[in-house]
Amino acid sequence: MSSQRLYSALIGINAYEKANSLDGCIKDVLNLDRILRNLCLQQDPDKLLYKPLYLLSPHPSDKEIIDEYKKDNEDFDPILPSFANVSDKVFEHLSNASGNDICLLYYSGHGSFIDAPPEFSRSKASAQNETLVCMDSRSVARDLIDKELAFLLHKTLKDKPGVHCLVIMDCCHSGNNTREIVSNTSPLKYRQESPSNQKRSLQDYIGYNEGFFIVKNGEAIFPVANYVHFAACRDNEKALDGYAGGLFTRKLVELLGQGGNASSDKNIMQSLVSTVSLQNGQQNPVCFSTN
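Counting in the working numbering, the sequence shown runs from 44 upward without gaps.
Hints listed in this document are in silico derivations from the structure and should not be mistaken for laboratory results.
C-beta atoms are modelled at their ideal positions from N, C-alpha and C, and glycine is treated no differently.
You may find that some hints are simply not true.
Computed Cβ-Cβ distance ranges for the label pairs, DEER-style [as the list claims (entries may be wrong)]:
(1) 310 / 262: 34 to 44 Å
(2) 240 / 135: 47 to 57 Å
(3) 45 / 247: 18 to 28 Å
(4) 165 / 87: 48 to 58 Å
(5) 327 / 117: 51 to 61 Å
(6) 308 / 244: 34 to 44 Å
(7) 244 / 109: 33 to 43 Å
(8) 242 / 87: 48 to 58 Å
(9) 278 / 306: 17 to 27 Å
(10) 88 / 169: 46 to 56 Å
BS3-like cross-link-like pairs, simulated, lysine-lysine; straight-line CA separation at most 25 Å [as the list claims (entries may be wrong)]:
(11) 114 / 94
(12) 132 / 203
(13) 94 / 198
(14) 259 / 198
(15) 114 / 201
(16) 94 / 242
(17) 203 / 90
(18) 106 / 61
(19) 242 / 61
(20) 132 / 61
(21) 242 / 259
(22) 259 / 94
(23) 203 / 309
(24) 132 / 201
(25) 132 / 94
(26) 94 / 106
(27) 132 / 198
(28) 113 / 94
(29) 106 / 132
(30) 132 / 113
Please construct the entire structure, taking both the sequences and the accompanying hints into account.
Next comes the structure, spelled out in structure tokens:
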């Protein structure tokens, strides 16, 4: 019997070229990676093979924990989470999955939004599309738009009905685009990243030239890949961040470390809602499936 493979793409951005920095995203990735490695090792030999890709933008102060992690994990060789790498290398890696393999896309960093083109604005009350802010999004590149993420996932998973895909986002997609920061020495404060002021027509979207977006009666529609999505908070809430990592990811890692991987997606999310909202009443994780 052939081995099952777990392809993970783990993105953590503390240091941005031109955006507010964060503090816990590197630890988020390392903590989640450690759990995933342990889960694979707990399986029968060669039953579940771990195939990770890391995209990290650390602060200089993160160097010590990264160097220490490298000592224990020789295959730990991160690349930068630039727009080019996130939109290309991530999905090139995940597209290696086949059969009954597992794909995991994890992002820890800023979320934001951008004005939606007319083809999307009718279906959205806010007339805005959500975005992921890559390391260089606000300097030499741009944000990755949620509709582009839909295309990239669809392209990766198309004609692979047996591949299981999980997307985890520990970021904000709210009107004031924040991960909330807790300092070891200062009171609670907010970190806000302004929305992108770049104007993007539908023709500029990744996937448009491939015919992914179909415009009918002035409105764009598109197919959706089959995957499960875990989000750190609702669209109108803030995701808590701190030096120890994001609140959502910390609670997820704790749950998985206690054997929560044996639970259903629904039970995992119910536990996370309880533990996260208990610590931050303004943050309620959500889960949905496109299956």
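- Query: residue 310 and residue 262, beta-carbon distance inside 34 to 44 Å?
  - Reply: 37 Å, holds
- Mind checking the hinted window 48 to 58 Å against the Cβ distance between residue 242 and residue 87? 53 Å, holds
- Item | Holds or violated: residue 114 to residue 94, with C-alpha atoms at most 25 Å apart | The given pair, whose Cα atoms are some 18 Å apart, holds under the 25 Å limit.
- Query: Do the alpha carbons of residue 203 and residue 309 lie within 25 Å of each other, as the hint requires?
  - Reply: Distance ~24 Å between residue 203 and residue 309 Cα, so the pair holds.
- Is the hinted pair residue 259 and residue 198 satisfied, with a Cα-Cα distance of at most 25 Å? 22 Å, holds
- Query: Okay, residue 244 versus residue 109 on CB: inside 33 to 43 Å?
  - Reply: 39 Å, holds
- Hint consistency between residue 94 and residue 198 [alpha-carbon to alpha-carbon, up to 25 Å]: Distance ~20 Å between residue 94 and residue 198 Cα, so the pair holds.
- Do the Cβ positions of residue 45 and residue 247 conform to the proposed distance bound of 18 to 28 Å? 41 Å, violated
- Compare the distance between the alpha carbons of residue 132 and residue 198 with 25 Å, and conclude whether the hinted pair is satisfied. 13 Å, holds
- Message: Just to be careful, I want the Cα atoms of residue 203 and residue 90 compared with a cutoff of 25 Å; is the pair within it?
- Response: 20 Å, holds
- Message: residue 113 and residue 94 were given as a pair; does the straight-line alpha-carbon distance stay at or below 25 Å?
- Response: 16 Å, holds
- Message: Assuming the hint says 48 to 58 Å, is it satisfied by the Cβ distance from residue 165 to residue 87 or not?
- Response: 52 Å, holds
Violated hints for the displayed structure, listed by number in ascending order: 2, 3, 5, 15, 16 and 22.
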